[in-house]
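**Q** So the sequences go chain by chain: A and B. For what it's worth, this note's numbering labels the leading residue of the first sequence as 1, then goes sequentially. For what it's worth, this note's numbering labels the leading residue of the second sequence as 579, then goes sequentially.
These are computed hints drawn from the structure, not numbers from a lab. Yeah, the Cβ is synthetic: ideal placement off N, Cα and C, and Gly gets one too. Treat the hints with caution; some may be incorrect.
For the chain A half of the interface with chain B, some residues (derived, Cβ under 8 Å), not all of them [to be verified]: (1) R165; (2) V231; (3) R299; (4) T462; (5) V467.
Okay, the calculated beta carbon distance ranges per label pair [stated by the list, open to error]: (6) B:L839 / A:D197: 50 to 56 Å; (7) B:K585 / A:L11: 51 to 57 Å; (8) A:G424 / B:N583: 37 to 43 Å; (9) A:N492 / B:L940: 44 to 50 Å.
The residues making up each chain are set out below.
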Amino acid sequence: MSILENLQRRLIDAGLLPKFLAALPKLSMLLVSVSVMLMLYLPMDGQFRRTYISENALMPSQAYSYFRETEWNILRGYRKEIEVLSSHSSIERNAIMSSWLEEFGLKTSVYKNQEYGDSLYGVFNAPRGDGTESMVLAVPWYNAEDEFNVSGAALGVSLARFLSRWPVWSKNIIVVFSENPREALRSWVEAYHTSLDLTGGSIEAAVVLDYPGVSDYFEYIEVHYNGYNGVLPNLDLVNIAISIAEHEGLKVSLHGLTPDEMGNGDYWSRLKMISLGTKNLALTGVREVYGNEAFSGWRIQALTLKARGDTNHDVTTFGRVAEAMFRSINNLLEKFHQSFFFYFLLAPRYFVSIGSYLPAAVVLSISFAVASIDSFVNNQYVSMVDSSYYNLLSFIFWAVSVIVCFFLGNSFTYYPQPLLLLLGNVVISTIPLAAPKNLSISEPLAYRLKTISFMYLSLVMTSLLVVNFPLAFGMGLFAYPMTLVMLNNTDNLRLKTRNSILLAISNPFIAFWLFITIVESKLDGIEAIYGLVDAWNKLGSWTWFIFCIGWFPSWILVAISALKVEQVQTEPNSKKHL
Amino acid sequence: MLYTNEKLVLLAGFTVRLLLSIGFSGLQSSLDNSVEFSTPFTSFKSLQEGIFLLNNGFPLYSGGVVHQSPLLVYFIAFFNSNLAISVLYALIDSIIAYQLLAISKCFRNFQSKSTWYIALLYLFNPLVLLSNISRSSILFSNVAISTALLYSLKGNYLITGVSIAISGYLSLYPLLLVIPLLGILRSNTSRINLLSTVVVTLAILLAVSFNTSGNNWDFIKLNYIALLNFEKLSPNLGLWWYFFIEMFDVFIPFYHSVFNLFVVSFVTPFTIRFYKQPLYAFILSIGWITLTKPYPTLGDCGFFLGFIPFFSPIFGYMKYSAFTTLLFLHAMVLSPIFYHLWVDLGSANSNFFYAISLVYALAIASLIVDLIWAMLRMEYDKGKPDFKSKLTQL
Numbered sequence: 001m002s003i004l005e006n007l008q009r010r011l012i013d014a015g016l017l018p019k020f021l022a023a024l025p026k027l028s029m030l031l032v033s034v035s036v037m038l039m040l041y042l043p044m045d046g047q048f049r050r051t052y053i054s055e056n057a058l059m060p061s062q063a064y065s066y067f068r069e070t071e072w073n074i075l076r077g078y079r080k081e082i083e084v085l086s087s088h089s090s091i092e093r094n095a096i097m098s099s100w101l102e103e104f105g106l107k108t109s110v111y112k113n114q115e116y117g118d119s120l121y122g123v124f125n126a127p128r129g130d131g132t133e134s135m136v137l138a139v140p141w142y143n144a145e146d147e148f149n150v151s152g153a154a155l156g157v158s159l160a161r162f163l164s165r166w167p168v169w170s171k172n173i174i175v176v177f178s179e180n181p182r183e184a185l186r187s188w189v190e191a192y193h194t195s196l197d198l199t200g201g202s203i204e205a206a207v208v209l210d211y212p213g214v215s216d217y218f219e220y221i222e223v224h225y226n227g228y229n230g231v232l233p234n235l236d237l238v239n240i241a242i243s244i245a246e247h248e249g250l251k252v253s254l255h256g257l258t259p260d261e262m263g264n265g266d267y268w269s270r271l272k273m274i275s276l277g278t279k280n281l282a283l284t285g286v287r288e289v290y291g292n293e294a295f296s297g298w299r300i301q302a303l304t305l306k307a308r309g310d311t312n313h314d315v316t317t318f319g320r321v322a323e324a325m326f327r328s329i330n331n332l333l334e335k336f337h338q339s340f341f342f343y344f345l346l347a348p349r350y351f352v353s354i355g356s357y358l359p360a361a362v363v364l365s366i367s368f369a370v371a372s373i374d375s376f377v378n379n380q381y382v383s384m385v386d387s388s389y390y391n392l393l394s395f396i397f398w399a400v401s402v403i404v405c406f407f408l409g410n411s412f413t414y415y416p417q418p419l420l421l422l423l424g425n426v427v428i429s430t431i432p433l434a435a436p437k438n439l440s441i442s443e444p445l446a447y448r449l450k451t452i453s454f455m456y457l458s459l460v461m462t463s464l465l466v467v468n469f470p471l472a473f474g475m476g477l478f479a480y481p482m483t484l485v486m487l488n489n490t491d492n493l494r495l496k497t498r499n500s501i502l503l504a505i506s507n508p509f510i511a512f513w514l515f516i517t518i519v520e521s522k523l524d525g526i527e528a529i530y531g532l533v534d535a536w537n538k539l540g541s542w543t544w545f546i547f548c549i550g551w552f553p554s555w556i557l558v559a560i561s562a563l564k565v566e567q568v569q570t571e572p573n574s575k576k577h578l
Numbered sequence: 579m580l581y582t583n584e585k586l587v588l589l590a591g592f593t594v595r596l597l598l599s600i601g602f603s604g605l606q607s608s609l610d611n612s613v614e615f616s617t618p619f620t621s622f623k624s625l626q627e628g629i630f631l632l633n634n635g636f637p638l639y640s641g642g643v644v645h646q647s648p649l650l651v652y653f654i655a656f657f658n659s660n661l662a663i664s665v666l667y668a669l670i671d672s673i674i675a676y677q678l679l680a681i682s683k684c685f686r687n688f689q690s691k692s693t694w695y696i697a698l699l700y701l702f703n704p705l706v707l708l709s710n711i712s713r714s715s716i717l718f719s720n721v722a723i724s725t726a727l728l729y730s731l732k733g734n735y736l737i738t739g740v741s742i743a744i745s746g747y748l749s750l751y752p753l754l755l756v757i758p759l760l761g762i763l764r765s766n767t768s769r770i771n772l773l774s775t776v777v778v779t780l781a782i783l784l785a786v787s788f789n790t791s792g793n794n795w796d797f798i799k800l801n802y803i804a805l806l807n808f809e810k811l812s813p814n815l816g817l818w819w820y821f822f823i824e825m826f827d828v829f830i831p832f833y834h835s836v837f838n839l840f841v842v843s844f845v846t847p848f849t850i851r852f853y854k855q856p857l858y859a860f861i862l863s864i865g866w867i868t869l870t871k872p873y874p875t876l877g878d879c880g881f882f883l884g885f886i887p888f889f890s891p892i893f894g895y896m897k898y899s900a901f902t903t904l905l906f907l908h909a910m911v912l913s914p915i916f917y918h919l920w921v922d923l924g925s926a927n928s929n930f931f932y933a934i935s936l937v938y939a940l941a942i943a944s945l946i947v948d949l950i951w952a953m954l955r956m957e958y959d960k961g962k963p964d965f966k967s968k969l970t971q972l
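Bound conformation, chain A alone (with noise of 0.2 Å):
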């Protein structure tokens, strides 16, 4: 202790403590700009890590994958007869399949679901184990971008035929033909662990195939990984996917990149790869949706297998990767436990994990705490007693706006309405300019309502950083300018416009809208707003929520403190105490 007073006399004597306080806005921008650096820095050299397969039972491709060439005018077979049912409704589809799959010795049954679309599964016992756990091949009818996944499904009943004639599995297989990837996967999946009859014990690791086209040959493999609200697969299902990939000859791709794309593994390719990846992340469930998402949140290591182009590879090559996934995860004695789950990819073979990463985050969610101490201690209000009547005001303001904002964010989920919650916002953030003369804010309220948003901002983004990174970071990225955002006490035009433009750069709708249109090319801003509502509607997406109770109440804070600001005196101490 003496050690500490020394010291702090020290610093009192060089006169640093009221330095520092009156440098709290520079470093809450010093540490933005660190945050940022950070990832920045990631893809440097000696940053990032080799992947390595941790669990030794899993021995990718150690065994020899026979899906070859005896298989291949079975499966032709099948895509010849799977080609005339994209007419067929998706009753009959899964009454012919079913009756495939039956053929040889699956339990078949269909899960009905008339809002979302049907999805038919069977399940082959392992004729080795108990029988408690299982793998899933799932093979979504239509696929991502909605074309007709013949190839997928020719692909799917073959290798459930030829998997189901060997005595070497101890988990069962479940093969599962849904509809479409998105929410008839999804409501598939729930209902298994609810509500379905017909189970094969508890699912451990499940690959999606997504093979659209007719043709017999493709050019490479992309493997899609990401989960909603942040969920990542195990790093070891990854990496097994990668590996047999590779060893068969084809090329890998990440994040629906072409291997062109993918660069060739310098520092740029690799900034590029963690940029992706944190967008992709965050934006699951507005992005495409390719399947493999349906299974987060139930400790299911889920990726998609998706070909590209139609020239080197032919198509038993795909089957043999899932074939040789499959005999890998049949190997696993307990559950995918080992390595990591929390990473991001920089390329095929290098990964960044939790550890390395997660700083950038946290540094960010101080720089908010940093600005809201600074909108409390930088000005004369700093010896208000801690019970005085504007906390008190200022706190009764944030309840009201969490509530608020939770109410809109659930009427939101039944009556959509994107472009009039955006013009909305606009008009609230011209509030500073266009509000009228005599709307003003006591001073003392102003500052308390920056300090309790910042904090609030600064909480949700600590809450969420290891759940679900790349939303925290982006997030706070992206509502970092509400913290420039000045008090107006002198009724200047240039402030007033400044404040407006930050408070609608920082605006969580409208940063969305700007984000997906200028970043997602793909994607039209209005619609992804419809986007955000749906998967949290249907894909069980939690990221337009965390936007509505998260991020808009501050927000909402901040923009109340833009107004028009009144000096109040107040006497330390004393001035309505509680």
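Knowing the structure of chain A, use the given hints to seat chain B on it.
**A** Positioned in the frame of chain A, the structure of chain B alone reads:
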């Protein structure tokens, strides 16, 4: 007598509880399944299990599931409708709030004015509210504690003794609060009377329990020995569980005694040091037990926080209340998230959750330390608050 606004607050608290438990019937079970509000020793689920066993004529304690006192199970079994139980729980919380008001009336600082905010801060503390909705049986122990405190301040050793014995009978550790209660009672005869009342009441309760559970001492083993020995190794917000997950068997008895000693250790020192402010010693002891007991819930914490307004004359001395508040906030927000990551998603592990329970423990500890500091400062200033002068550099 109560002021009108005090009555209104009590009524509002009662109504909100009733509405929440009737209107959101799913809330009860989801809260009762959450690790923050329910433990094997306080959960309503195990109480219901007990009632089921009772109604069907099975022995209560042979299954090893029920860890609730036999008389409590009998008492709750008596209310056979869901509504009646909701009313009972809402009523008991309102009684606690009423008693807090009554306690405040015993002090000069609070006497002349309305102290509605004390009841408000208790009844509308989310921790208390949610714990009440979850129907955690800790509530019965809590009401006994607040009754004991109220009547000890009034000098009534009989009711004090009976109620503290009941709370000890229900959850064992509150029995330690007899020590600060002895400090509150000022004459030696009433102290002796209190002790003998406690002993007699406990003897009667145990005898009746023995009799009602079919002349069987199993309930002692499952209620008290299991508590002392931390036999249900399940995660909670406390400090115990993590230590006992992986420990060589030979060390376990030793550490059980160490942890129990830890709970006991500070109660007497608090009572002796703050002999002149026995109410504060009592409250600090509650805080200490909340911090160190083997199966704490947020309900315990909420009950402890309900007493904090009594410290309001010395709030000015507290040095890091903002820090404590933030610790509490982060612990509350992060603990369900980390538990979800660990148990539901399987992408984190027990260390995450334990780290948060440490933050929570730090929050309680820093509150206790801060309060003690404030009281010592008050003593130094000889009862005349002087918030301006600084005694230490830090």
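**Q** Does T462 (chain A) hold up as a contact with chain B if the rule is Cβ-Cβ below 8 Å?
**A** 6 Å, holds
**Q** Less than 8 Å between beta-carbons is the criterion; does V467 (chain A) satisfy it with respect to chain B?
**A** 6 Å, holds
**Q** Just to be careful: measuring from the Cβ of V231 (chain A) to every Cβ in chain B, is the smallest value less than 8 Å?
**A** At 6 Å from the nearest chain B Cβ, V231 (chain A) passes the 8 Å test, so the hint holds.
**Q** That 44 to 50 Å hint for N492 (chain A) and L940 (chain B) (C-beta), does it hold up?
**A** For N492 (chain A) and L940 (chain B) the Cβ distance comes to about 46 Å; the hint holds.
**Q** Taking 8 Å as the limit, does the beta-carbon of R299 (chain A) come near enough to a beta-carbon in chain B?
**A** Holds. Min distance 4 Å.
**Q** Quick one: are K585 (chain B) and L11 (chain A) within 51 to 57 Å, going by C-beta?
**A** 52 Å, holds
**Q** Do the beta carbons of G424 (chain A) and N583 (chain B) sit within 37 to 43 Å of each other?
**A** 38 Å, holds
**Q** Should the interface hint for R165 (chain A) be scored as holding, given a Cβ-Cβ cut-off of 8 Å against chain B?
**A** This interface hint is violated because 33 Å lies over the 8 Å limit.
**Q** Could you tell me whether the CB distance from L839 (chain B) to D197 (chain A) stays inside 50 to 56 Å?
**A** 54 Å, holds
Going through the hint list in order, the structure does not satisfy hint 1, though it satisfies all others.
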